[in-house]
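Here the sequence shown is numbered in numbering that gives the first Met the number 0, starting from 0 and rising by one per residue.
Check the hints yourself; a few may be wrong.
Distance windows between CB atoms, simulated [said to hold, decoys possible]:
1) L184 / P108: 31 to 39 Å
2) R178 / D206: 17 to 25 Å
3) R116 / Q53: 34 to 42 Å
4) G217 / R252: 18 to 26 Å
5) A79 / L174: 42 to 50 Å
6) G147 / V69: 25 to 33 Å
7) P279 / G217: 41 to 49 Å
8) V69 / L174: 36 to 44 Å
9) Q43 / R178: 46 to 54 Å
10) L184 / R55: 25 to 33 Å
11) P279 / D132: 17 to 25 Å
12) G145 / L184: 27 to 35 Å
13) A65 / G145: 18 to 26 Å
Derived lysine to aspartate or glutamate pairs resembling EDC-like cross-links, with alpha carbons at most 20 Å apart [said to hold, decoys possible]:
14) K293 / D247
15) K275 / D139
16) K275 / E286
17) K255 / D206
18) K282 / D182
19) K275 / D132
20) K255 / E290
21) K255 / D300
22) K255 / D139
23) K213 / D182
24) K282 / D300
25) K282 / D119
26) K255 / E172
27) K255 / D232
28) K282 / E121
29) K293 / E262
30) K293 / D232
31) K275 / E121
Worth flagging that the hints you see were computed from the coordinates, not collected in a lab. We treat Cβ as the ideally placed atom computed from N, Cα and C, and that holds for glycine.
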Amino acid sequence: MRFPPMSALRALEAAARHFSYSRAAEELHVTQSAISHQIRHLEQLWNVRLFERQGRRVVLTAAGQALVPVVRDFIERLGAILQELQGEDKRGVLRVSLLQSFAFKWLVPRLGHFNQRHPDIEVWLSTTEELVDFRNGQADIGIRLGRGQWPGLHSTLLLREYVFPVCSPHLLERLTPPRNPADLLYYPLLRRYTKDITPRWRDWFRDAGVEVRKMPRGTLFSDSSMALQAALDGQGVALARSAHVADDLQAGRLVKLFNVYSESSVAYYIVCVQGKEEEPAIKAFREWLLEEAKTAQAAFDAMVADSRPKADS
0 MRFPPMSALR
10 ALEAAARHFS
20 YSRAAEELHV
30 TQSAISHQIR
40 HLEQLWNVRL
50 FERQGRRVVL
60 TAAGQALVPV
70 VRDFIERLGA
80 ILQELQGEDK
90 RGVLRVSLLQ
100 SFAFKWLVPR
110 LGHFNQRHPD
120 IEVWLSTTEE
130 LVDFRNGQAD
140 IGIRLGRGQW
150 PGLHSTLLLR
160 EYVFPVCSPH
170 LLERLTPPRN
180 PADLLYYPLL
190 RRYTKDITPR
200 WRDWFRDAGV
210 EVRKMPRGTL
220 FSDSSMALQA
230 ALDGQGVALA
240 RSAHVADDLQ
250 AGRLVKLFNV
260 YSESSVAYYI
270 VCVQGKEEEP
280 AIKAFREWLL
290 EEAKTAQAAF
300 DAMVADSRPK
310 ADS
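Model the full assembly from the supplied sequences, consistent with the hints where possible.
Take a look at the structure:
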């Protein structure tokens, strides 16, 4: 099988991340037609369809969703190896592994604070759905969603999270606003492929006191950041994690529906190899993360507390 050119792989990864050929073109400093040509080349080479158009956006097909994580991992690994071979100075470099959705929605908007405080530490971010092998140098520190127990790793609780439905205010302008949680069964619900730690609509409806015999059909996504982007575009209602939507709620890009919150059975943890938690760069990043998370957690907890009935005085 012929291996595709690197330019085509980069075009695929960028278009998938931006949901847009034009934005991918801007990032890679090429024309939109060049991106389109590269995608068509891959589709012909692999005999699969990678994207389909939804309005002004392009979204991955099932084949695209399966291939893009592999392509992204290949690009990141190749880049890291080439930099090592080229003899780049690794002193002061901190490799951070985390989930793509958490990176885009929580960490990246705040990362400038760390860079200002520690200009001597160069942070390399790598996103993956899997827990990387920290012992072989793939990462120095990570942020993972789970229950805090991973063999051989030191873990520190970063953020507990709540789950609740959100949508764009523009959706409520087009559709009749729901009066109670049961009304959401008649809205387009944006869902993720169910995993063990993925919040499920059935669980939220149960906590809201709604009996669901059959979930309505709707679009399913392999990554929560895609579901949230669809919600931002007014395509439906997403079941969101508090850390993913805090900034969008504050900016008014999203609104929460009903004061019903499900506390997740999992949380975000900072992880590294046991015995390395006191290394200077790892310690500095962990302490900064905990400082940022303290403010965010207080805001989440206050939001939930305000929704609970107050006792009569």
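Comparing the hints with the structure gives:
For the pair L184 and P108, the supplied restraint of 31 to 39 Å holds, since their beta-carbon distance comes to about 33 Å. Between R178 and D206 the C-beta distance comes to about 18 Å, which sits within the given range of 17 to 25 Å. At roughly 41 Å, the beta-carbon separation of R116 and Q53 lies within the given 34 to 42 Å, and the hint holds. For the pair G217 and R252, the supplied restraint of 18 to 26 Å holds, since their beta-carbon distance comes to about 21 Å.
A C-beta distance of roughly 46 Å is found between A79 and L174, which places it inside the suggested range of 42 to 50 Å. A hinted range of 25 to 33 Å for the beta carbons of G147 and V69 is consistent with their spacing of about 29 Å. Checked against the given bound of 41 to 49 Å, the beta carbons of P279 and G217, roughly 48 Å apart, stay inside it. At roughly 38 Å, the beta-carbon separation of V69 and L174 lies within the given 36 to 44 Å, and the hint holds.
At about 51 Å, the beta-carbon gap between Q43 and R178 stays in the expected band of 46 to 54 Å. Between L184 and R55 the C-beta distance comes to about 28 Å, which sits within the given range of 25 to 33 Å. Look at P279 against D132: about 23 Å separates their beta carbons, and that is inside 17 to 25 Å. Between G145 and L184 the beta carbons are some 30 Å apart, a value that agrees with the proposed interval 27 to 35 Å.
Here the CB-CB span from A65 to G145 is close to 24 Å, well matched to the stated 18 to 26 Å. For the suggested pair K293 and D247, the alpha carbons sit about 19 Å apart, so the restraint of at most 20 Å is met. For the proposed pair K275 and D139, the alpha carbon gap of about 9 Å is at most 20 Å, so the pair holds. For the suggested pair K275 and E286, the alpha carbons sit about 14 Å apart, so the restraint of at most 20 Å is met.
The suggested pairing of K255 with D206 holds, with an alpha-carbon distance near 16 Å, which does not exceed 20 Å. For the suggested pair K282 and D182, the alpha carbons sit about 47 Å apart, so the restraint of at most 20 Å is broken. Restraint check for K275 and D132: satisfied, since their Cα atoms lie roughly 14 Å apart, inside the 20 Å limit. Proximity of K255 to E290 is assessed by CA-CA distance (about 26 Å); at most 20 Å being required, the pair is judged violated.
Taken as a hint, the K255 and D300 pair is honoured in the structure, with Cα atoms around 15 Å apart against an allowance of 20 Å. At roughly 36 Å between alpha-carbon atoms, K255 and D139 are farther apart than 20 Å, so this suggested pair is violated. As the CA atoms of K213 and D182 are separated by approximately 14 Å, the hinted pair is consistent with the 20 Å bound. Taking the CA atoms of K282 and D300, the gap is near 26 Å; set against the 20 Å cutoff, the hint is violated.
Under the criterion of a C-alpha separation no larger than 20 Å, the hint pairing K282 with D119 is consistent with the structure, at around 14 Å. Of the supplied pair hints, the one linking K255 and E172 holds, its CA atoms being roughly 15 Å apart against a limit of 20 Å. Of the supplied pair hints, the one linking K255 and D232 holds, its CA atoms being roughly 15 Å apart against a limit of 20 Å. A threshold of 20 Å between alpha carbons decides the hint, and for K282 with E121 the separation of about 14 Å falls inside it, so the pair holds.
For the hint pairing K293 with E262, the CA-to-CA distance comes to about 17 Å; that is within 20 Å, so the pair holds. For a cut-off of 20 Å, the pair hint linking K293 to D232 is broken: about 30 Å separates their Cα positions. Taken as a hint, the K275 and E121 pair is honoured in the structure, with Cα atoms around 18 Å apart against an allowance of 20 Å.
Checked against the numbered hints listed earlier, the structure breaks hints 18, 20, 22, 24 and 30; every other hint is satisfied.
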